[in-house]
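There are 2 protein chains.
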Amino acid sequence: MINTHTGPQPADFTDVRAANLAVVLRFVRENAPCSRADIAASTGLNKATVSSLVADLVDRRLLRETGLTENRVGRPATMLVLDGSPYAAIGIEVNADHLTAVAIDLAGTELLSWRRSFPGATATPGQAVAAVAALARRVLGRMEKEGRRVLGIAVAVPGLVDLTGSVRTAPNLGWRDVDLAGDLTRALRHPGFPVLVDNDANLAVLAEHRFGPHGGAGNVVFLTGGVGVGAGVIMDGRLRRGGRGFAGEIGHIPVDPGGAECRCGRRGCLEAVAGVRAVLRDTAPDATPAELEPELDEVVRLARAGDPATIATLTAVGGALGRGVAVLANLLNPDVVILGGHYVRLAPWVLPAARDELARGSLASEAGGTVLVESTLGYGAAALGAAARLMDAIDSGHLPAQT
Amino acid sequence: MINTHTGPQPADFTDVRAANLAVVLRFVRENAPCSRADIAASTGLNKATVSSLVADLVDRRLLRETGLTENRVGRPATMLVLDGSPYAAIGIEVNADHLTAVAIDLAGTELLSWRRSFPGATATPGQAVAAVAALARRVLGRMEKEGRRVLGIAVAVPGLVDLTGSVRTAPNLGWRDVDLAGDLTRALRHPGFPVLVDNDANLAVLAEHRFGPHGGAGNVVFLTGGVGVGAGVIMDGRLRRGGRGFAGEIGHIPVDPGGAECRCGRRGCLEAVAGVRAVLRDTAPDATPAELEPELDEVVRLARAGDPATIATLTAVGGALGRGVAVLANLLNPDVVILGGHYVRLAPWVLPAARDELARGSLASEAGGTVLVESTLGYGAAALGAAARLMDAIDSGHLPAQT
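Going down the list, the sequences are from chains A and B. Each residue of the first sequence is one higher than the last, beginning at 948 in the numbering used here. Each residue of the second sequence is one higher than the last, beginning at 948 in the numbering used here.
Isolated chain A (complex conformation) (with noise of 0.2 angstroms):
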């Protein structure tokens, strides 16, 4: 592919090709069923170029032919699909209280969603690799019985992930320093595919980017909500990692000088003002990550019967939430925020709130154009992130070998 950011790269011939590859596999991603003219005449690839590109995607199975035709004049076209069904891309997350795993095809269909309850707030980085690994190997005979080829494993973590996919430090998991990726490898006995760690917001906004319905945005950023509150940034239609991989770190954000103490020792830091234990500050402070869940299922129902006292509760961790949001629309000017984890469920006493704060804190007029949205893909966005991190190696070009 030609790079003109990172210094001078050839564009020679092998480079081009695999670039057309990825650009006709996308196209089709996009616009299938579609004929091998549709894709000449919208790419301005010329057609036997594309025959070529075409034959070898389909040896590849990620595209097949199907028996339609399109209604058209003159001889009826074999159109295009993409196929990617022998291929599956494993996704797991790690969090404070349970793991999730997700398998999906290149086309996008989810295979497995699993989830296990895992005490990650109190396991070691030990127990939690052989947790994982455990999880790992389960949903790997799967694929393997249904004769998919495994592509590879992208785990998702909160926490300070660096650029080899060491995990620096992840306090909800009171870990620091751990070569997850290293740790899994081995435990997973090298077994041929890449293992990669990420960190869990990041990866995320992936998933929003490839699945969800704000994914033609080219300025994207995603909240956790959970106990932290970490974002995923994409810009200009990538994934912003900074310089050492530890861009997205907003939970510590001062958003209310008087508001209640955070575990860094400040008061009124975003995580402190409108993460979960803010939502529980009144009905259950000391919930342990396990109770989590339980106590917010309370506070639902509460809200849904019209308690007042939970409404203002959710409605002054809204207005903090769109604070810290304010400040992020200001710096980064993105198309759209999405809320995810817990934020999902309590949206909508979160949201109206979250909203006002985020125009009225906004420079430019219209919050510059951010919508503030709750996600729609529920809890296990990370894992389904996870796994779509390793689609966009492939869409990248980087195609899977014949086999």
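Any given hint could be a false lead.
[To be verified] Residues from chain B shown here face chain A by an in silico Cβ test under 10 angstroms; the list is partial: (1) Ile1200; (2) Asp1203; (3) Asn1277; (4) Asn1280; (5) Val1283.
Don't read these hints as lab results, they were simulated from the structure. Glycine is no exception: its CB is placed at the ideal position from the N, C-alpha and C atoms.
Chain A is already provided as a structure; the job is to place chain B on it using the hints.
This is chain B only, laid out in the frame that chain A set:
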């Protein structure tokens, strides 16, 4: 150019040639003097292709041959260097109290650098357009006299500039919804080259990226240091503007809840506690824009003389600035944050406290690798960046037509 971010784009051979012309041009920019063989060896392009590309660039007077030969075994090689001398890119910066104009050739050599006092804070937009047009005409006259071809004029404005070059709001100029690019094009009677308008911090960070000592860094933030504080953000080697072009508005990050009142009505915003007004709070709280520089001269004099009150003020400003930079660093994880404008002169007293607060407020150890430094480009960084933006177009393959 092949673009894998914004949907299918063909990679045909015209694209490849344009991209390769840009590859050769950038290689020579970074490695001159060098031979055709050096280019071929480093870029992977074959020698015949390199010869053809170089011939094209010599025809356009973007490269020229020198009499130099390399010490090597075998036939001596003709060495190539950048030319670009027949061209000029013009940058103009609009400030609250002055205008700056810079012209550079395509090798980055400064052709002129002018500064004119100008009552930006009180002038109407119409008066500002007239003043900028008058300055531009003088620069154009000089370039014409020198026989140079003008590639364009870019204007830096301290405010929200949308993607069409329209200034939505510029608080320190008192502007709202000024179509500066259009007005200036008309005032210059449709000069036949592009007239661009952009945010001053955006252009300054482009200047740092091209001409500054941290140009090799992929993730760079520039902070303007004036009455307002704005950020220009480069991530992964490219300026990031956000969805509507409003990214970089960092001035109203809450930094000090008990701090000074901000013109936005809240207390303790970054620019209220760390901008120029905070520096002059005790000595000249009511200084007009034209008086800021002489007052700052006095602050520098007192600081140099070791005046305790002055040093305490500058240390407090540095601490507040560092808290704001920590928010930025946690969110974007830049390699470097560069302080511009008035901060450059104040750096000896402001930087130590700012660095302490950055380290304290960063979630990652060692501030996540973020280095905080002062600009070495001086006051005209935005004007220089305006010219650099025109050079960027050339370097990404939009070459001037042959003359």
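Right, here's what the structure says about each hint:
| no. | hint | verdict |
| --- | --- | --- |
| 1 | Ile1200 | 6 angstroms, holds |
| 2 | Asp1203 | 9 angstroms, holds |
| 3 | Asn1277 | 4 angstroms, holds |
| 4 | Asn1280 | 2 angstroms, holds |
| 5 | Val1283 | 8 angstroms, holds |
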